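Undergrad: Please construct the entire structure, taking both the sequences and the accompanying hints into account.
Residues per chain are reported as follows:
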Amino acid sequence: MVASLEFKDVNLTYQVDGRAPVNAVCGVSLSIGDGEFVAVVGPSGCGKSSLLKLALGLEMKTGGTIHIGGDEVEKPRRDVGVVFQSPVLLPWRTILQNVLLPADVLKLPKAEASRNAMDLLALAGLKGFEEAYPHELSGGMQQRAGIVRALVHDPRVLLMDEPFAALDALTRETMSIELQRIWMARRKTIVFVTHNISEAVLLADRIVVMSARPGRIISDLQNPEPRPRDIRFLSQPAASELSGKIRESLDRAYGIPARELVA
Amino acid sequence: MALQSKIEPSLSEGEIEAARPLRSARFVRRLRPVVEVLASVVVVMSVWEMVIRFFDVQPFIFPAPSAVLASLWSGLASGKYIFALGVTLSEILIGCTVGTVAGLLIAAMMVSSKLAHRVVYPWIVGVQTIPKVAIAPLMLVWFGFGIESKILIVALTSMFPVMVNTIAGLSSTDRDQVALLRALCGSRLQVLRYVQLPAALPYIFAGLNTAIVLAVIAAIVGEFVGSRAGIGFLILQANFALDLAAVFALLTLLGALGVTLSSCVRMVENRVCFWNRRN
Numbered sequence: 001m002v003a004s005l006e007f008k009d010v011n012l013t014y015q016v017d018g019r020a021p022v023n024a025v026c027g028v029s030l031s032i033g034d035g036e037f038v039a040v041v042g043p044s045g046c047g048k049s050s051l052l053k054l055a056l057g058l059e060m061k062t063g064g065t066i067h068i069g070g071d072e073v074e075k076p077r078r079d080v081g082v083v084f085q086s087p088v089l090l091p092w093r094t095i096l097q098n099v100l101l102p103a104d105v106l107k108l109p110k111a112e113a114s115r116n117a118m119d120l121l122a123l124a125g126l127k128g129f130e131e132a133y134p135h136e137l138s139g140g141m142q143q144r145a146g147i148v149r150a151l152v153h154d155p156r157v158l159l160m161d162e163p164f165a166a167l168d169a170l171t172r173e174t175m176s177i178e179l180q181r182i183w184m185a186r187r188k189t190i191v192f193v194t195h196n197i198s199e200a201v202l203l204a205d206r207i208v209v210m211s212a213r214p215g216r217i218i219s220d221l222q223n224p225e226p227r228p229r230d231i232r233f234l235s236q237p238a239a240s241e242l243s244g245k246i247r248e249s250l251d252r253a254y255g256i257p258a259r260e261l262v263a
Numbered sequence: 264m265a266l267q268s269k270i271e272p273s274l275s276e277g278e279i280e281a282a283r284p285l286r287s288a289r290f291v292r293r294l295r296p297v298v299e300v301l302a303s304v305v306v307v308m309s310v311w312e313m314v315i316r317f318f319d320v321q322p323f324i325f326p327a328p329s330a331v332l333a334s335l336w337s338g339l340a341s342g343k344y345i346f347a348l349g350v351t352l353s354e355i356l357i358g359c360t361v362g363t364v365a366g367l368l369i370a371a372m373m374v375s376s377k378l379a380h381r382v383v384y385p386w387i388v389g390v391q392t393i394p395k396v397a398i399a400p401l402m403l404v405w406f407g408f409g410i411e412s413k414i415l416i417v418a419l420t421s422m423f424p425v426m427v428n429t430i431a432g433l434s435s436t437d438r439d440q441v442a443l444l445r446a447l448c449g450s451r452l453q454v455l456r457y458v459q460l461p462a463a464l465p466y467i468f469a470g471l472n473t474a475i476v477l478a479v480i481a482a483i484v485g486e487f488v489g490s491r492a493g494i495g496f497l498i499l500q501a502n503f504a505l506d507l508a509a510v511f512a513l514l515t516l517l518g519a520l521g522v523t524l525s526s527c528v529r530m531v532e533n534r535v536c537f538w539n540r541r542n
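Chains as they are written, first to last, in this note's numbering: chain A, 1 to 263; chain B, 264 to 542.
FYI, nobody ran anything at the bench for these hints, they're computed from the structure. Computed from a predicted model, the values in this text were never measured in an experiment. Backbone N, C-alpha and C define an ideal beta-carbon position, used for all residues, glycine too. What you were told as hints is all true, and nothing was included just to trick you.
Covered stretches of chain B (in silico footprint by chain A; criterion: 3 or more residues with CB under 8 Å from a CB of chain A, positions within the stretch not fixed): (1) 442 to 453; (2) 456 to 462.
Simulated restraints, written as ranges between beta carbons of each label pair: (3) A:Glu136 - B:Phe325: 49 to 59 Å; (4) A:Asp119 - B:Arg534: 31 to 41 Å; (5) A:Ser31 - B:Arg529: 53 to 63 Å; (6) A:Asp17 - B:Val382: 23 to 33 Å; (7) A:Ile231 - B:Arg534: 41 to 51 Å; (8) B:Gly521 - A:Lys75: 47 to 57 Å; (9) B:Ser376 - A:Ile177: 45 to 55 Å; (10) B:Ser434 - A:Gly35: 35 to 45 Å; (11) B:Leu401 - A:Asp17: 46 to 56 Å; (12) B:Ser434 - A:Arg252: 38 to 48 Å; (13) B:Gln391 - A:Tyr254: 49 to 59 Å; (14) B:Arg438 - A:Glu136: 23 to 33 Å.
TA: The structure is reproduced here in structure tokens:
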């Protein structure tokens, strides 16, 4: 398999004046194949979000190399899409205009981008809301628009930083299923950062577990369960076994149950 | 009668009657505040008129509203007030435009350069703390009795609120929105265009609203200090002639001008910052 996103021995150390340096990311090596759906699980402050910022080119690594599609990442790239924890929609733009923001910024051909945007909006269940303004939509719908925006310029890699963390539990489940559906239709490489074990087990083909201080990878698990998986999958033995393994590796790393993690 | 119909349980006929005027009832409800204000004006003017007539107050001490209205009408009809209004309005509009553009540019400069902020800001605050009345004579010496000196005074006055609010607006940008633009390879100019400027608009309009009201004051101050035309010039002239009816008429005109300008700004703001109203 071709590696579409590759971290090699990546370090990120924050140096704040007059304080001891903080090892946010330490010796992380991770090779993610084309079209793979990878979840990065870990407690708050384990450097999983920093890992995404590095891949986005918003933060400069202090060691190692990061490649996307064979090119070294040194600054933000056109072939990466990002979804943040909050939808980050611009309130003065309609949903369609928000979704087309990457096309505007990257100066992509208008007609083609609009067509792609309309298709994606329909895929995300937002048909009929193109001319609505963000405040007229529910939180879940706003985040769906955020996902559509991340896909509109047809990126090679989609980076998601706890995209459903701000949503309520029920909306969260629906959104997970929606995301799986969108992924099955578009087959992007996805790196999905979360502190929610069930979410990772439900969505990902591969689950990378990180520990904090220093932020490093402590285990790398496969989820062979066929898709599409629905919510009921979470109550099956295969799912419990997988979440058990994730908990175990976290417990081993911390010595105590990782309380910050949601079941 | 009206009281009775409210207390009585409505008959089927009455219900039909009550349902019909629903639209007109809504119209009346909307019109009500306007009617109330107009009624209060009529009451105050009537009492004022009666007091002046009853105590036989001389017009050079306090004019009757009828005299003020007559003076306002003759001033407008002769074109004298219209011309003065045109002069003062041009001073305000040109001055405010110059001040706003300057305020926006200086704000943009200070937000983009910390050095500029450190060096320029104290100067601006220093100039701002000097009362404009004190600067006005200087402007007259440099730029003469014409419209130019007033434009400058208005510009100096209106620049400050626009600048301060623009700085606040440009610095208030959501960090995630900037991160999003940067992740999309957005240039600094694109961040400004797509995120910072729209986000700053409500702040800029708040500054503009203050600026336009201050601009009216500044224009009159400028005209008081030395001028050959304008509402302020006419007020001084009428004052010297002890024509208090004319002074009151001009003050009314000035009030109306201020209210109109301010509501114009607010109207444009509601159009441009439509998304801010609901949040």
